[in-house]
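Kindly generate the complete structure, drawing on both the sequences and the hints.
Top to bottom, those sequences are chains C and S.
The end of the first sequence is residue 199 by numbering that gives the first Met the number 0, with every number in the run present.
The end of the second sequence is residue 776 by numbering that gives the first Met the number 0, with every number in the run present.
Please note that a few of the clues may not be correct.
[Stated by the list, open to error] Quick partial rundown of chain C residues pointing at chain S, CB under 7 Å, derived from the structure: (1) 50; (2) 53; (3) 54; (4) 55; (5) 57; (6) 107; (7) 157; (8) 171; (9) 180; (10) 182.
[Said to hold, decoys possible] DSBU-like mimics (lysine-lysine), calculated; alpha carbons at most 35 Å apart, straight line: (11) 557/S to 148/S; (12) 94/C to 557/S; (13) 97/C to 148/S; (14) 148/S to 94/C; (15) 97/C to 557/S.
FYI, nobody ran anything at the bench for these hints, they're computed from the structure.
Predicted model, so just to flag it, every value in this text is computed and none were measured.
We treat Cβ as the ideally placed atom computed from N, Cα and C, and that holds for glycine.
The chain contents come next:
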Amino acid sequence: MIRSRTDRALLVALALAAASGAARAFELGELMRLLGANRGGSATYDEQRYVQGLDAPLHSSGTLSYTAPDRFTRHMEQPRAETVSVAGNTLTLTKNGKTRNVALDSVPEMGAIVAAMRGTLSGDAGALERWFRPQVEGSAERWSLVLVPSEERIAARVATILIGGRHGEVRRVEVRLADGDRSVMEIEPLAAAKRASVAR
Amino acid sequence: MIERRGARVLALWLLFLAIAALAIGRTRLDTSLSAFLPKSPDAEQRILIEQLASGIAARSLLIGIEGGSAAQRAAASRALAARLIESGLFEQVQNGASDGFEAAGRWLFEHRYLLSPSVAPERYTIAGLRDAIDETLSLLGTPAGGAIKPSLASDPTGETLAIAEALIPAGAPRNEDGVWVSRSHPRALLLASTRAAGGDLDAQATAIARVRSEFQALAAPELRVVLSGPAVFSVQSRAQIQAEIRRLALAGGVLISLLLWFAFASLPALLVALLPVLTGIAAGVVAVSFSFGSVHGITLGFGSTLIGESVDYAIYYLIQARGGGAAHWLRHSWPTVRLGLLTSVCGFAALLFSGFPGLAQLGLFSFAGLVAAALATRYLLPVLTPHGASGAGVRQQLARVATGAMGVMPKLRYAVLALGALCVGWLVWQGAAVWRGDLASLSPVPEAAIKLDAELRADLSVGDASTFVVVQQGDLEATLRSAETVSARLDPLVEQGVLGGYDTPARLLPSRATQERRIASLPGARELAERVEQATAGGPLRAERLGPFVEAVEAARKQAPLDAASIATSPLASIVDALLLRRTDGSAAALIALQSAAPGALARVRDALRDVPNVRVIDVRHELQRLYAHYLREALLQALLGACAVVVLLAFRLRSLPRLMSVCLPLALAVLLTLGGLAAAGAPLGILHLVGLLLVVALGSNYVLFFDQLHRAGRTDHDTLASLLLANVTTVVSFGLLAVSAIPSLSSIGRTVAPGALLALLLAAAFAAPRKPATSA
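Written out as structure tokens, the structure reads:
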């Protein structure tokens with residue numbers, strides 16, 4: 000029952016808010032919730048790097064795996080075996096049979112790139128906002144996340160990171176470096192059944 | 000004739016004082032820990048001492064900037080680093096900012112074919128080149144690629160990168176706003192190494208003061224600077240010990256003077272009483288200074304305790320000589336004092352043979368000091384005051400208290416014996432666990448400073464350089480070759496995670512053999528150009544872009560190998576210097592510092608290096624503890640021998656078992672009860688407690704011998720009792736002062752001697768043979 004002008008005004012305001020909500024754009028918080036529901040999984044990837052001064056793009060491929068909240072591994076199979084895995088503050092690089100550990104917070108450029116990947120996979124807006132000004136475009140069916148570094152020191156190396164995906168899955172990562180070089184990684188999630196068996 | 004003899008004694012004494020004053024004026028005060036290291040070290044211990052005195056760890060200053068905002072701290076870190084480098088006092092100042100490394104990077108780049116561990120014949124075959132170039136290219140298009148892109152054409156195989164990867168430690172501080180920051184506290188971090196040696200405390204003090212003054216000059220009131228490092232500890236300890244000695248000497252002097260004034264009520268008597276003290280301390284300093292070249296702060300601090308012991312002689316003389324004069328005292332009391340002196344000297348003489356210079360100094364100081372004080376009492380005091388102290392003071396009251404105690408104490412005999420038995424039981428049950436004082440317990444560094452040091456070290460990922468492998472050979476080349484062999488054995492351990500890594504001088508100065516092998520694996524210009532052509536065919540990087548590479552390799556083939564001279568002028572000289580010790584006889588030692596060794600890692604390292612000759616694995620902390628434990632055992636044994644000597648001496652002089660028993664029992668009980676009390680209070684007992692117990696025996700022997708003398712004389716001499724009580728009060732007061740000292744080594748002695756001396760007197764009274772009360776003397 001509507002008893003006063005104030006109540007009516009409130010009702011109108013609520014109705015307006017509901018209407019605008021239905022039409023509003025897909026937002027960062029929503030994307031983060033979608034991504035955050037993902038507890039882990041694995042995928043194959045295919046990467047092309049476009050480097051000025053080289054005659055052809057550099058191509059590599061392999062698998063990726065992620066376990067919530069902070070474990071991420073890139074296992075390169077082609078053109079040679081090389082594994083980069085991140086857990087907590089430690090990045091471990093294994094190549095030529097040698098293993099090397101690096102503290103992520105000791106090399107901020109590396110920390111930022113890892114934060115972009117890990118923050119997106121885990122739906123951690125705080126981790127992204129620590130280093131970047133994130134912007135979301137598109138819809139839940141097909142979104143893209145634009146990350147522009149907020150620190151001058153990172154911006155001197157990395158111009159933009161573009162991450163594209165569908166629902167809770169990341170399908171494409173493009174890193175544009177400040178010097179014009181760029182890399183594009185296409186990601187193909189492994190089938191759910193297979194993912195389940197991997198998880199088991 | 001007496002007059003003439005007296006004049007001679009006075010002249011001799013004044014001459015001694017003059018010489019002593021001269022000698023003391025030139026005496027160097029030493030506060031380093033090295034006095035507590037062996038004087039005739041073996042090779043391992045020699046390196047240990049060299050490292051403690053001048054190694055890179057000893058020259059490191061850990062600097063933290065706290066307060067304000069992160070941006071303010073970062074700005075202050077940059078400004079402070081620039082100012083410190085400007086000052087010229089520091090070899091290196093690092094704060095995480097990448098500037099300042101260009102020179103070092105360029106030098107490494109220019110010598111990459113001599114230094115890169117991956118230069119080998121197979122890497123310069125067609126297949127090897129293709130792999131190496133591929134690997135370098137794989138970094139392009141990533142943020143890391145920016146660093147290698149400029150040198151791609153001249154270093155496509157990534158040799159500079161290979162050198163850098165080997166040199167950069169795995170653990171690195173957190174980097175924010177371009178500078179190092181703490182992971183646990185809001186704090187910016189810097190790491191500086193002084194040009195001056197760690198053992199040069201004056202220069203270290205200057206460097207530390209410079210850091211503070213440069214920080215002040217930044218005019219950032221909301222920020223503050225914290226400093227740590229071995230040099231900071233040493234400089235602070237020295238200042239603390241000096242201030243403490245001054246404070247103790249002053250407080251002790253004033254208190255004892257007041258007591259004596261109170262007791263004698265005569266200024267001349269007071270002044271005369273202090274003469275044996277003065278003479279004893281002068282003799283102690285001179286003896287130690289002549290024998291050891293310098294006097295350790297601890298020894299001098301201990302010297303102030305001799306006030307308590309040597310003033311006793313004067314008290315005995317001044318009070319006891321009152322009735323019969325000097326001649327009477329010399330006849331009746333001097334033999335007792337002399338026997339007490341001999342007993343004390345026996346105890347301390349044992350320490351003279353200690354291999355621990357610090358302990359030998361204490362022994363010599365006490366020995367010389369006590370003998371000089373007794374001689375001054377024997378020869379000087381009769382000349383100055385032939386009839387003892389004239390004033391009445393509180394002697395009567397002292398005598399009354401002492402006589403009263405004489406009546407009460409013997410009733411407590413059985414209680415005391417029971418308590419003694421309890422102590423024996425407790426000590427036997429505790430066993431060796433009672434003696435768990437360690438070297439750290441000698442250090443006056445406060446807990447908070449040690450905590451800060453640990454924090455800064457964790458933040459900066461710098462260990463305390465406590466474990467290293469030492470390689471020693473007859474010349475530099477052989478040493479470097481051995482160091483390379485050690486590296487080859489350590490690499491698998493690093494790979495398995497047993498070691499975090501290691502620093503070796505051979506990375507920057509490889510042996511000549513290794514450098515020549517690397518150069519020999521480089522093909523000639525034409526051959527290389529052909530191989531590059533084939534290796535890059537069909538790849539993304541065209542061969543014609545790699546002209547600079549072919550030229551650089553050709554130039555490297557003609558490059559002179561690096562030697563000690565060329566390293567000395569390089570920007571990395573200080574790093575090599577710190578790890579390579581070159582001796583005047585041409586021999587050299589390389590230090591390979593192990594980083595973050597996992598528990599049990601040292602055993603694995605020793606195992607891996609078992610068959611490599613002239614290599615030692617040293618764990619500084621363990622080594623120091625082992626040394627300390629060794630000297631503690633040695634000192635315990637010496638003290639036991641000293642005790643045996645005391646008993647033999649007394650038996651020889653007293654020539655009666657009951658008398659020997661009545662003299663030894665109170666002393667043994669006093670030592671036992673003191674020891675039991677300290678152990679029950681949970682104090683970790685160490686060498687200095689042992690020294691304290693020797694002092695208790697030294698002081699107590701006078702008490703028991705005087706009681707023995709009274710027993711023999713067959714009457715209660717009130718003056719003797721008064722003198723014993725006064726002597727005891729001065730001792731307890733002066734050692735009580737020591738007990739509250741902030742310097743652990745001094746407080747250990749004080750806490751042992753103050754209760755021990757009091758117990759010795761009470762027990763001497765308790766076990767004195769019963770006397771029927773006599774009329775006053």
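Verification of the supplied hints:
1. 50: 4 Å, holds
2. 53: 4 Å, holds
3. 54: 5 Å, holds
4. 55: Check passed: Cβ of residue 55/C comes within 4 Å of chain S, closer than 7 Å.
5. 57: 6 Å, holds
6. 107: With a minimum Cβ separation of about 5 Å from chain S (threshold 7 Å), the hint on residue 107/C holds.
7. 157: Residue 157/C check passes; min Cβ-Cβ to chain S is 6 Å, inside 7 Å.
8. 171: Residue 171/C check fails; min Cβ-Cβ to chain S is 16 Å, beyond 7 Å.
9. 180: 5 Å, holds
10. 182: Holds, because the Cβ-Cβ distance from residue 182/C to chain S comes to roughly 5 Å (cut-off 7 Å).
11. 557/S to 148/S: Given pair residue 557/S, residue 148/S holds - Cα atoms ~26 Å apart, limit 35 Å.
12. 94/C to 557/S: The hint holds at about 33 Å.
13. 97/C to 148/S: 24 Å, holds
14. 148/S to 94/C: Roughly 21 Å between the alpha carbons, so the hint for residue 148/S and residue 94/C holds.
15. 97/C to 557/S: 32 Å, holds
Against the hints set out earlier in the document, a violation occurs for number 8 only.
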